[in-house]
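Chemist: Chain W is already provided as a structure; the job is to place chain A on it using the hints.
If you read the sequences in order, they're chains W and A.
Using my numbering, the letters of the first sequence map in sequence onto residues 1 to 185.
Using my numbering, the letters of the second sequence map in sequence onto residues 1 to 405.
Honestly, I wouldn't trust all of these hints.
Claimed, not checked - 27 Å max Cα-Cα, derived BS3-like pairs, lysine-lysine:
#1 LYS99/A x LYS102/W
#2 LYS102/W x LYS246/A
#3 LYS110/A x LYS246/A
#4 LYS99/A x LYS64/A
#5 LYS99/A x LYS292/A
#6 LYS172/W x LYS38/W
#7 LYS102/W x LYS365/A
#8 LYS40/A x LYS108/W
#9 LYS99/A x LYS144/W
#10 LYS172/W x LYS118/W
To be verified - Chain W regions said to be covered by chain A (calculated; three or more residues, Cβ under 8 Å):
#11 49-62
#12 99-107
#13 129-135
#14 166-180
Stated by the list, open to error - Counterexamples of contact, computed for chain A against chain W with all Cβ distances above 10 Å:
#15 LYS40
#16 GLN62
#17 ARG80
Keep in mind the hints are simulated off the structure, nothing from the lab.
The beta carbon of each residue, even a glycine, is placed where N, CA and C say it ideally should be.
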Amino acid sequence: MVVFLQGRHNIGTIFLIMDKCFQQGFDAKSEQGFICTKLDSLINWVRANSIWPQPMGLACCAIELMGVGGSRFDIGRFGMEVMRFSPRQSDCMIVAGTVTYKMAGSVKRVYDQMAAPKWVVAMGACACSGGMFRTYSTLQGVDKVIPVDVYVAGCPTRPEALIDALMSLQNKIRSERSARGLFSK
Amino acid sequence: MEKEFTYPEPASLEADRLGEKMILNIGPSHPATHGVLRMKLELDGDLITRADPIVGQLHRGQEKMAENLTYNQFIPFTDRLDYLAPLCNNIAFVQCVEKIAGIGVTERCKAVRVICCELSRIASHLVGIAAYGMDAGSWTVFMYCFTQREKLCTLFEQLTGARMTTSYARVGGLARDIPEGWLGNVNSFANQFLPALDEIDALITRNKIFIDRTAGIGVVSPEQAMQWGLTGANLRGSGVASDLRKDVPYLGYENYEFDVPIGVNGDCYDRWLVRIEEMRQSIRIVRQAIEKMPDGPVNVADPRISLPKKEKVLRDMEDLINNFVLVTQGPDIPAGDAYFEAENPKGALGFYIVSKGGGVPYRVKIRAPSFVSLSAMQEILPGHHMSDMAVILGSFDFVLGECDR
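Just chain W, same shape as in the assembly (with noise of 0.2 Å):
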């Protein structure tokens, strides 16, 4: 795959040069092996059909996530099957089950080693506000201490609904402005 970019203020055109099973997926225009199309929509692309998700399994819903990856579910379908418990491997924290204050820092510790571009995922009513759980050792959300981006309910989320936020999270990452980081600071 050959890229050339059109100087400094084309930036967000690029043309490719690659095989026609690559022409599909992506906002582009195909001509006689070449596509032409924004650098965004390459990169959301690719980002998009590639979370690996980190697995931060800390109660009841980390099991509807182990459902999630088992074969009636399975999460494979949306290449997002490759569950990584190593934060410098994953850009997709999964939060499934309530945060105490205990928990907390560890939680926050392990978003922060993730490598960028990263995303979270607030699964189930405790990582969303506390759920039922309001008492003194327990986090009123994981949005206190981490950025979330999809907020999932139920208690426990349903597997379902859990497929539901992936697919949003994907449709947000599509929108995302991703070359502008690339190219100015």
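Modeler: Same frame as chain W, but now just chain A:
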């Protein structure tokens, strides 16, 4: 040119000693710790010389919350104790409340509760062995187990409306009677489950890698197991034939025929075998319960305990008032205290409830079997290799929601 291949020498415990100690922290976000457990290990080379499990990362203050909720309001919180077998927790809690109040539930209620408990046991053991297999390096067994678990989740959904957090039991009965055709679905699940379980069994139980990694690892003698207070499959894996369903029968377990599998060596491999066999026994119990499912109501006919029928509430003033009082103030439980232990998949889950009368408990103490299993890690882990830690933790099948509560 042929080169003779020889296996490397098995790791020797003494040769790995370096003579200097290193502290290694594992968790609280680590796949081998099954949740939010943090292990502080002191290592000498590859050998564990000290192990400190640090719990409390999932402490949600459930016991404190119980003091401000009516008995029936606390049932959803019991779902989140051992979230792999919520039905068992629901039933253990209401059994304890019923023990204080001296309520005897109906025969049909007992039979439905038995089916719920045993199906939950299977669901919990399936996750237990799935995670255990995964720790020992087998991803396939995880997939096989979750395929079966999804079928169980569908059954729970038909019964209670939720896949995991069921909240099905009520003081003096159940939230509702079983739906039409549900027993048939359970039966067809049982029919296809046994061959599937044999498949899982064949996949792992005689697998050389698995045996090498688990046999002789994490040995707990019967005396030690009793001393440390282990219960459930972990105690039976050490060869102690102790099962609360047999020893202190509740829910009419004395009327069912089933065997209590026990291990011989008390190692990780025996604990695996016990869990596999327990699932077969659970299916036996479920089949007997379906066969002799009695007719009749599921709730006791006591207006201070059970909600009136909805049709009556919409028609009669007295029933409406009764419904209102029960929902807002809770079932009327006399003053007193009781301790009840149920044979849960993880071990003996105990509830100690003190009532000062009225619908709200004065104090609820939860005896969590996972906490006891984890406390034993300090004794079991030292002397093992670092790599055995994952297998030992997996074989004890604990759940942090219950441990930290």
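Chemist: For every hint, state whether the structure bears it out.
Modeler: To see whether the hints hold, each was checked on the structure:
1. LYS99/A x LYS102/W: Violated: LYS99/A and LYS102/W sit about 36 Å apart, past 27 Å.
2. LYS102/W x LYS246/A: At roughly 40 Å apart (the allowed maximum being 27 Å), LYS246/A and LYS102/W break the hint.
3. LYS110/A x LYS246/A: holds, 16 Å
4. LYS99/A x LYS64/A: The hint holds at about 21 Å.
5. LYS99/A x LYS292/A: At roughly 25 Å apart (the allowed maximum being 27 Å), LYS292/A and LYS99/A satisfy the hint.
6. LYS172/W x LYS38/W: The hint holds at about 17 Å.
7. LYS102/W x LYS365/A: holds, 22 Å
8. LYS40/A x LYS108/W: Between LYS40/A and LYS108/W the Cα gap is close to 20 Å, so the pair holds against 27 Å.
9. LYS99/A x LYS144/W: violated, 43 Å
10. LYS172/W x LYS118/W: holds, 12 Å
11. 49-62: Per the Cβ count (6), the hint holds.
12. 99-107: holds (count 5)
13. 129-135: holds (count 3)
14. 166-180: Our answer is that it is violated, as 0 residues pass the Cβ test (under 8 Å) against chain A, missing three.
15. LYS40: holds, 14 Å
16. GLN62: violated, 8 Å
17. ARG80: Its Cβ does come within 10 Å of chain W, the nearest being 6 Å, so this is violated.
Violation of the numbered hints given earlier is confined to hints 1, 2, 9, 14, 16, 17; the remaining hints are satisfied by the structure.
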